[in-house]
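> With the hints as extra help, turn the sequences into a complete structure.
Residue numbering for the sequence shown follows my numbering, starting at 116 and increasing by one per position.
In short, the hints are calculated from the structure, not lab data. Be a bit skeptical, because a hint or two may be false.
Derived SDA-like pairs: lysine to any residue, alpha-carbon spacing no greater than 25 Å straight-line [what the hints assert, rightly or not]:
| no. | residue 1 | residue 2 |
| --- | --- | --- |
| 1 | K257 | D217 |
| 2 | K330 | A421 |
| 3 | K330 | E356 |
| 4 | K257 | G167 |
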Amino acid sequence: MQRRRVGSSGLEVSRIGLGTLTWGADTDLEAATAQLTAFVDAGGSLVETADGYGDGLAQETLAAVLAASVPREYVVIAGRASLPGGPLGDGAARGALLSGLDATLKRLGVDHLDLWQLPAWDATVPVEETLSAVQVAVLAGKVRYAGLVAPRGWQLATVAERGRTLGPLTVPVSAQVEYSLLARDVEAELVPAAVHHGVGLLAWAPLGRGVLTGKYADGTPADSRGASPTLAPYVEARRTERSTRIVQAVLTAADGLGTSPLAVALAWVRDLPGVASAVVGARDAAQLAASMATEAVTLPAEIRAALDDVSGPIT
Numbered sequence: 116m117q118r119r120r121v122g123s124s125g126l127e128v129s130r131i132g133l134g135t136l137t138w139g140a141d142t143d144l145e146a147a148t149a150q151l152t153a154f155v156d157a158g159g160s161l162v163e164t165a166d167g168y169g170d171g172l173a174q175e176t177l178a179a180v181l182a183a184s185v186p187r188e189y190v191v192i193a194g195r196a197s198l199p200g201g202p203l204g205d206g207a208a209r210g211a212l213l214s215g216l217d218a219t220l221k222r223l224g225v226d227h228l229d230l231w232q233l234p235a236w237d238a239t240v241p242v243e244e245t246l247s248a249v250q251v252a253v254l255a256g257k258v259r260y261a262g263l264v265a266p267r268g269w270q271l272a273t274v275a276e277r278g279r280t281l282g283p284l285t286v287p288v289s290a291q292v293e294y295s296l297l298a299r300d301v302e303a304e305l306v307p308a309a310v311h312h313g314v315g316l317l318a319w320a321p322l323g324r325g326v327l328t329g330k331y332a333d334g335t336p337a338d339s340r341g342a343s344p345t346l347a348p349y350v351e352a353r354r355t356e357r358s359t360r361i362v363q364a365v366l367t368a369a370d371g372l373g374t375s376p377l378a379v380a381l382a383w384v385r386d387l388p389g390v391a392s393a394v395v396g397a398r399d400a401a402q403l404a405a406s407m408a409t410e411a412v413t414l415p416a417e418i419r420a421a422l423d424d425v426s427g428p429i430t
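Here it is as structure tokens:
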């Protein structure tokens, strides 16, 4: 699997990343172990997690896999910080962030995160205070790089400029955002801002929360996320009349190229300007293998143009 630099930083990640949203819940330890083992064997490195996934179950599951099956040094762990309240403050306050980081490291059983992904914006806390938490964490060896989660264009620009003022350790290198043929609103402001400031994009839900695979074209499969009591609303939000038209275009493209709808949708996102990695989730190793097989797929210019036209960014 090819690797890319994240923005203008020295951090390298696999251009397909592995998400752990369902680990510990819909994905048990055995399935998670099979996924991460296959992912690393194929050259994958980026593993995305968050303390809010399953109230910590995802990170506990990842910790168990790393302890028993996959060496820590084989993966790049991107840990997303949440915004819990506590005695040291709320949201992006320095005390809250550093306390949450310590809890994450303990839960994962590791001494550092390769990429610490922070809340994009907290209007109640000065940006300088949030960035000072990054500086403290990097200097303490607990974090290698920092990024943002779902920022708006002006927020990313503000944080990047303030970071440069405070010093290179605090400049964000990444922005994790939802980006797919069904979710192109980030193209209006965020993508140009990221490219301008040398910030790499980590595209989550590149398959339109599973809708772009075509699996929901004729209903809701019993073993899909759309049938899960907890994830059904998440999937349903992408099942619209507009998405039906886009899915049909993806199916047509896949048929013409002799590949899968999944491969078409994933390759479209993966090769967009500024995207460092497209982060996918999977129910099992077989489903993950389908995503990794996309490594060999490159969309012809005319197919990409047709998909661009039918999906059209929402502004």
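> Each hint needs a verdict: does it hold in this structure or not?
Status of the hints after comparison with the structure:
1. At roughly 8 Å between alpha-carbon atoms, K257 and D217 fall within 25 Å of each other, so this suggested pair holds.
2. About 21 Å separates the Cα atoms of K330 and A421, which keeps this hinted pair within 25 Å; it holds.
3. Proximity of K330 to E356 is assessed by CA-CA distance (about 16 Å); at most 25 Å being required, the pair is judged to hold.
4. Restraint check for K257 and G167: satisfied, since their Cα atoms lie roughly 19 Å apart, inside the 25 Å limit.
The structure meets every hint from the earlier list without exception.
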